[in-house]
Amino acid sequence: MAGKAYGYHNLIFSWIDTIDGNYPPPVDAHLVASVMTVWNQIAPEYGSNLWNEALNKRLGTQNLSLPDILVEVEKRGSSFAKLLAIPEQDDWVYSDGKSASCVAFILEMYKEGGLFGEFANSIQVTEFTIRDAYTLNLFE
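The numbering used here puts the first residue of the sequence shown at 1, with every later residue one more than the last.
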């Protein structure tokens, strides 16, 4: 992982795993979309790099801008909240390489080392937050 970009592509999504149960009040997916839209207007290259590629992965599309992503979600009869809740996949490779946060890197080593046993194939380590990993109690 030396020389690779930090796992920001998946880090910002790893804590969102339900449509409405992960946000502190009064935040919801509508506010997240609004903030992303404003940020996209102020610094489009930054927003594009930070979340557009990850959202495109979740849609199975490529190179859509945030407005186009929102339109595509609507066309499919889905919602932005559902899009945000789609789990990150360990095998997704982004334009700057494999994306892995520190916790995903450690859990990937555990996974490859067999620590998750028969559950290994059903675990996406890029979906874990530090708190998730801490509460696993693997060594107790």
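Worth flagging that the hints you see were computed from the coordinates, not collected in a lab.
Quick caveat: nothing in here was measured; it's all calculated off a predicted structure.
Some clues are possibly wrong.
[Unchecked claim] The calculated lysine to aspartate or glutamate pairs, modelled on DMTMM-like cross-linking and capped at a C-alpha distance of 20 Å, are:
no. : residue 1 : residue 2
1   : Lys4      : Asp68
2   : Lys111    : Asp90
3   : Lys57     : Glu127
4   : Lys4      : Asp132
5   : Lys98     : Glu140
6   : Lys98     : Glu118
7   : Lys4      : Glu127
8   : Lys75     : Glu112
9   : Lys111    : Asp96
10  : Lys57     : Glu72
11  : Lys82     : Glu140
12  : Lys4      : Asp20
13  : Lys57     : Glu112
14  : Lys111    : Asp91
15  : Lys4      : Asp91
16  : Lys75     : Glu45
17  : Lys4      : Glu72
18  : Lys57     : Asp96
19  : Lys82     : Asp96
20  : Lys75     : Asp91
21  : Lys75     : Asp90
22  : Lys4      : Glu108
23  : Lys98     : Asp68
24  : Lys4      : Asp17
[As the list claims (entries may be wrong)] Cβ pair distances, simulated, as ranges:
no. : residue 1 : residue 2 : range
25  : His30     : Thr129    : 31 to 41 Å
26  : Phe139    : Ser48     : 39 to 49 Å
27  : Asp68     : Thr135    : 16 to 26 Å
28  : Ile123    : Lys4      : 16 to 26 Å
29  : Gly97     : Asp68     : 33 to 43 Å
30  : Ser79     : Glu140    : 13 to 23 Å
31  : Phe119    : Gln41     : 36 to 46 Å
32  : Thr37     : Lys4      : 28 to 38 Å
33  : Ser122    : Ile12     : 20 to 30 Å
34  : Phe119    : Asp68     : 35 to 45 Å
35  : Gly21     : Asn121    : 23 to 33 Å
36  : Phe139    : Glu45     : 19 to 29 Å
37  : Gln62     : Tyr8      : 13 to 23 Å
The C-beta atom is built at its ideal place from N, Cα and C for all residues, glycine as well.
To see whether the hints hold, each was checked on the structure:
Note on lysine 4 and aspartate 68: the hinted pairing is violated, with a Cα-Cα distance of about 28 Å set against a maximum of 20 Å. For a cut-off of 20 Å, the pair hint linking lysine 111 to aspartate 90 stands: about 11 Å separates their Cα positions. Using a Cα cut-off of 20 Å, the hinted pair lysine 57 and glutamate 127 holds, with the two alpha carbons roughly 14 Å apart. With a C-alpha separation of about 24 Å, the suggested pairing of lysine 4 with aspartate 132 is violated against the 20 Å cut-off.
Pair hint lysine 98 plus glutamate 140 does not hold up; C-alpha atoms about 31 Å apart against a cutoff of 20 Å. Restraint check for lysine 98 and glutamate 118: the C-alpha separation of about 24 Å exceeds 20 Å, so the hint is violated. Between lysine 4 and glutamate 127, the direct Cα distance comes to roughly 19 Å. Compliance with the 20 Å bound is thereby established for this hinted pair. Proposed proximity of lysine 75 and glutamate 112 is contradicted: the alpha carbons are some 39 Å apart, above 20 Å.
Proposed proximity of lysine 111 and aspartate 96 is contradicted: the alpha carbons are some 23 Å apart, above 20 Å. Proposed proximity of lysine 57 and glutamate 72 is supported: the alpha carbons are some 13 Å apart, at most 20 Å. At roughly 35 Å between alpha-carbon atoms, lysine 82 and glutamate 140 are farther apart than 20 Å, so this suggested pair is violated. Of the supplied pair hints, the one linking lysine 4 and aspartate 20 is violated, its CA atoms being roughly 32 Å apart against a limit of 20 Å.
Between lysine 57 and glutamate 112, the direct Cα distance comes to roughly 24 Å. Violation of the 20 Å bound is thereby established for this hinted pair. Only pairs whose Cα atoms come within 20 Å are accepted, and lysine 111 paired with aspartate 91 is accepted, the gap being roughly 13 Å. Under the criterion of a C-alpha separation no larger than 20 Å, the hint pairing lysine 4 with aspartate 91 is consistent with the structure, at around 15 Å. Proposed proximity of lysine 75 and glutamate 45 is contradicted: the alpha carbons are some 25 Å apart, above 20 Å.
Taken as a hint, the lysine 4 and glutamate 72 pair is broken in the structure, with Cα atoms around 31 Å apart against an allowance of 20 Å. Proximity of lysine 57 to aspartate 96 is assessed by CA-CA distance (about 14 Å); at most 20 Å being required, the pair is judged to hold. Restraint check: the Cα-Cα separation between lysine 82 and aspartate 96 comes to about 26 Å, which exceeds 20 Å; the hinted pair is violated. For the hint linking lysine 75 to aspartate 91, the alpha-carbon distance of about 27 Å lies beyond 20 Å, and the restraint is violated.
Among the hinted pairs, lysine 75 with aspartate 90 is inconsistent with the structure: their alpha-carbon atoms are about 27 Å apart, more than 20 Å. This hinted pair checks out: lysine 4 and glutamate 108 have alpha carbons roughly 16 Å apart, not beyond 20 Å. Restraint check for lysine 98 and aspartate 68: the C-alpha separation of about 25 Å exceeds 20 Å, so the hint is violated. Taken as a hint, the lysine 4 and aspartate 17 pair is broken in the structure, with Cα atoms around 26 Å apart against an allowance of 20 Å.
With their beta carbons about 23 Å apart, histidine 30 and threonine 129 fall outside the hinted range of 31 to 41 Å. Restraint check, phenylalanine 139 to serine 48: a C-beta distance of roughly 40 Å satisfies the suggested window 39 to 49 Å. Between aspartate 68 and threonine 135 the C-beta distance comes to about 38 Å, which lies outside the given range of 16 to 26 Å. At about 21 Å, the CB distance of isoleucine 123 to lysine 4 agrees with the hint of 16 to 26 Å.
Taking 33 to 43 Å as the suggested C-beta distance range, the pair glycine 97 and aspartate 68 does not conform, at roughly 24 Å. Between serine 79 and glutamate 140, the C-beta spacing of about 39 Å breaks the proposed range 13 to 23 Å. The beta-carbon spacing between phenylalanine 119 and glutamine 41, approximately 43 Å, falls within the hinted interval of 36 to 46 Å. Between threonine 37 and lysine 4, the C-beta spacing of about 29 Å keeps the proposed range 28 to 38 Å intact.
Taking 20 to 30 Å as the suggested C-beta distance range, the pair serine 122 and isoleucine 12 conforms, at roughly 23 Å. Under the hint 35 to 45 Å, the C-beta atoms of phenylalanine 119 and aspartate 68, about 37 Å apart, fit the expected range. In this structure the supplied range 23 to 33 Å holds for glycine 21 paired with asparagine 121, their Cβ-Cβ distance being about 26 Å. Separated by about 43 Å at the C-beta atoms, phenylalanine 139 and glutamate 45 break the suggested range of 19 to 29 Å.
The hint said 13 to 23 Å for the Cβ distance between glutamine 62 and tyrosine 8, and at roughly 19 Å that hint holds.
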